[in-house]
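Residue numbers (the working numbering), protein chains in the order written: chain C, 1 to 348; chain A, 1 to 348.
It is worth saying that the hints were derived from the structure and are not from the lab.
These figures come from a predicted structure and were not determined experimentally.
Among the hints, erroneous ones may be present.
The list makes no distinction among identical chains, and a pair is therefore deemed to hold if it is satisfied within one copy or across any two copies.
Straight-line Cα separation of at most 30 Å, BS3-like style, residue types lysine-lysine; simulated pairs [what the hints assert, rightly or not]: (1) Lys-260 to Lys-190; (2) Lys-186 to Lys-260; (3) Lys-260 to Lys-343.
There are 2 protein chains.
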Amino acid sequence: MSLKSAYMGAWLKGEGPESDIVVSSRLRLARNLEGFKFKGRMGEDEELLLEAHLREKVVDSTFGDNMCYLSLNELDDLDRLLLVESHLISLEHFNGDGRRGVAYDQSGSVSIMINEEDHLRIQVLAPGLALREQLHRINAIDDTLAEQVPYSFNTDFGFLTTCPTNVGTGLRVSVMLHLPALALSKHIQKVFNAVEKVNLAVRGFFGEGSQALGDFYQISNQVTLGVSQEEALLELDKVLPRIIEYERDVRQALLDDERKVLEDKVFRAMAILQNARSIPTEEAMVHLSFLRMGIFLQMVDDVSIDAVNKLFLIIQPGHLQSLVGSELLPEDRDVERASIIRKELQDD
Amino acid sequence: MSLKSAYMGAWLKGEGPESDIVVSSRLRLARNLEGFKFKGRMGEDEELLLEAHLREKVVDSTFGDNMCYLSLNELDDLDRLLLVESHLISLEHFNGDGRRGVAYDQSGSVSIMINEEDHLRIQVLAPGLALREQLHRINAIDDTLAEQVPYSFNTDFGFLTTCPTNVGTGLRVSVMLHLPALALSKHIQKVFNAVEKVNLAVRGFFGEGSQALGDFYQISNQVTLGVSQEEALLELDKVLPRIIEYERDVRQALLDDERKVLEDKVFRAMAILQNARSIPTEEAMVHLSFLRMGIFLQMVDDVSIDAVNKLFLIIQPGHLQSLVGSELLPEDRDVERASIIRKELQDD
Chain C
1 MSLKSAYMGA WLKGEGPESD IVVSSRLRLA RNLEGFKFKG RMGEDEELLL EAHLREKVVD
61 STFGDNMCYL SLNELDDLDR LLLVESHLIS LEHFNGDGRR GVAYDQSGSV SIMINEEDHL
121 RIQVLAPGLA LREQLHRINA IDDTLAEQVP YSFNTDFGFL TTCPTNVGTG LRVSVMLHLP
181 ALALSKHIQK VFNAVEKVNL AVRGFFGEGS QALGDFYQIS NQVTLGVSQE EALLELDKVL
241 PRIIEYERDV RQALLDDERK VLEDKVFRAM AILQNARSIP TEEAMVHLSF LRMGIFLQMV
301 DDVSIDAVNK LFLIIQPGHL QSLVGSELLP EDRDVERASI IRKELQDD
Chain A
1 MSLKSAYMGA WLKGEGPESD IVVSSRLRLA RNLEGFKFKG RMGEDEELLL EAHLREKVVD
61 STFGDNMCYL SLNELDDLDR LLLVESHLIS LEHFNGDGRR GVAYDQSGSV SIMINEEDHL
121 RIQVLAPGLA LREQLHRINA IDDTLAEQVP YSFNTDFGFL TTCPTNVGTG LRVSVMLHLP
181 ALALSKHIQK VFNAVEKVNL AVRGFFGEGS QALGDFYQIS NQVTLGVSQE EALLELDKVL
241 PRIIEYERDV RQALLDDERK VLEDKVFRAM AILQNARSIP TEEAMVHLSF LRMGIFLQMV
301 DDVSIDAVNK LFLIIQPGHL QSLVGSELLP EDRDVERASI IRKELQDD
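Extracted from the complex, chain C is given alone in its bound form:
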C-alpha cells in the first residue's frame, strides 16, 4: 500500500448518523506494556527493543497484512505530515523524538501509534456519530492486543499511563463537529462555555494543540479516572444532541430570516473555490466549510459531499505536495491548491 492512499480515509466519507453536523467519531485508548519503562524514561536501546517487539510480536502477528506499519524515524517530514493530515498520527507523534511508528489499516479507520506518549495509542475513526459501535470495535482490538502482551494495570486505578490525565480507562472519545451556523451567528462561544462546564474539551481540526479551521471543532471527554467507559460516553451523549440541534436550529433560523446572507456566504464560497488561481489552506477551509453547509441545506446540488470532504484532506500541505509529487514553496502550494480545487469541483 502506498502512503498516498491514506488520504482516502473512510472516516471522511460524509456518511453516518448526523453527518450534516458530525463529521467523524474518534476513540483512542492509551496503553503501556508491563516490563518496559514509560516513554521518556527509556534509553534508546530499550525504545528500539520496544518498537520491534510491538511491531513484530503484536501488530504484525495479530493483524497480518491487514495493517501497514511505518517507522516514523524512516519517514521524511512530508510523509509524516501526510499521516497527521489523515488523522492517523497525532501532532505530538509527528513532532516527537525517539524510536516510534504507526500501524494503520487500508481504510485509514484504525491506527496504532507505537511510542507516542504511551507505548500504545490505539485509535478508531468513523464517519458521522458512531460512538457505541466504535467503542465495541476499539475494545475488540484492545482485547486482541492484550492477549499478546501484558498491559500495565493497577486494580485501584485501572490502566497506567505516562500522563496522569489518561490513567483509568485510558479512553478518549472525540467527535469532530461542523458548526458553521453557530460560528456565523456568534453563538459558538455559548457552546464552548456549556461544553467546558461539564468537563469536556473543545479543540481544533487536528486535535490537541491545533486551531479551529473552517468551523470544525473537536469535542472530547477529559476524565478517565474513576469513570467507566460507558460513563465517558454518557458525558458526550448528554451534550452532543443539544449541540447538533442548536446548530440545526440556527441553520433553519438563518434560512428563514436571513436567507440572502446565508446564500451569499455559500455562493461566494463556491465561486471563489471554482475560480481562485491561488488560495491558502486556511481560506480554502473557510470556503469549503460554507460549501459543505450549502450542500446539506440543498442550496448547492451539483457538488457532492464526498468531493468536499475529500478536498478538506487533499488541500492540506502534505497531501497537496504528495499529489504533486514534489516539495513546493508556500506560494506555489497556493497555486496548486487552487488548481486541484477547481478540477475537483468541475469534475462533479
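Given chain C's structure and the hints, the job is docking chain A onto it.
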C-alpha cells in the same frame, strides 16, 4: 427627459484615447456675474433673483431644449444623489444650502451648476484622455454665456472667484485614472508623491473630499492664477503620459512575473460579482476594478468594458434606489446591488 437617464453618461462609455487607464477627462470653469455679490454674501432674495436670471436669461435662452434644468431645492435627497453619482454636480453642491440648480445636457457631458461656490460652474466631461478638445468645447460654451451676461473680471488677476484658489483662469482640469496595478504592487504612493511635487492634486472617485474607490484616482491642476489655460494643460501633459506608461509597465510586469497572482485577482473578482447575493458598494467597486483591468489585459473576454463602466455608476446608492424605484435600507441595497450586478454580467 427623466432624471434616471442621467446615468447613461457619455463620459462613461469606456472609449477615447488611453481608455485602458484614463476613464474620463473633466474640465470646469468658475465664473461670477458682475452686479451680484459672491455666494455666501447674497441674501435669499438676491439668490432667488440670480438663479432665475441665470436659468431663464442665460441657460434656457442659450441652449434651449438641449439642456435640462433642475432646481436643487426642489429635489429630494435621492435625486440630488443621482446627480452627484453622475458627476453632474459636486459634493459641495449636493450638501450646499441656498437657492441653487444645475443645467445639463442629455448625454451628461455638459453641466452648468448655478450658485455652487461660484455663480457659475461650467463643466464638460468626456471619456478617455481628451483635454484639448474639451478645452475648446468648454471655451465655446463659456464664450456663448459671456455674450449673455457680464462676468466679474479684473485685468490684473483675471476672472474673480469666491475662493482665491480659483482666481485667474478659473479652470480646473482633471482626469480620472484607473491604476489597479500600481495599487496592487504598492507603487501608487510614488505616483502621489511625484504628482504633488509638481503642484497637482490627487483626489478620490467623486472629486474633492471623496475617497479613492476601486483604484480610481482623480488628478487635477491646482494653480489658476498667473498661468494660462494652455500652461495648466501642459502641467498635466508632463505628468500623465508617465503615469499611464508606469501603470502599463507594471501591468505587463505582473503578467510576466506574477500572472497567477493577477489571474487570481481577476477571476475571483468576476466570480464574486457573478455569485454574491449581497455586496456593499465599496467591495463591488474593488472587484469591478480588477474586472476592468482583466478585460483590458484580455483575461476576460465575455464581459464588455461598457457593462463594467455602467455598473460603476448604477451600483451607487442613488442610482440603485432609483432603478429599484424606492428607498432601501443599506442591507437591502446590498442585496439589490448583488442582484443587479449578477444580471448585468449574465446578459453579456
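- With 30 Å as the alpha-carbon cut-off, assign the pair Lys-186 and Lys-260 to within, between, both or neither. So Lys-186 and Lys-260 pass the 30 Å test inside one copy only (18 Å; across, 35 Å).
- Item | Identical-chain pair category, Lys-260 with Lys-190, by Cα at 30 Å | within (25 Å within a copy, 42 Å between copies)
- Query: Between Lys-260 and Lys-343, at a C-alpha cutoff of 30 Å, which is it: within one copy, between copies, both, or neither?
  - Reply: both (28 Å within a copy, 16 Å between copies)
Every hint from the earlier list agrees with this structure, and none is contradicted.
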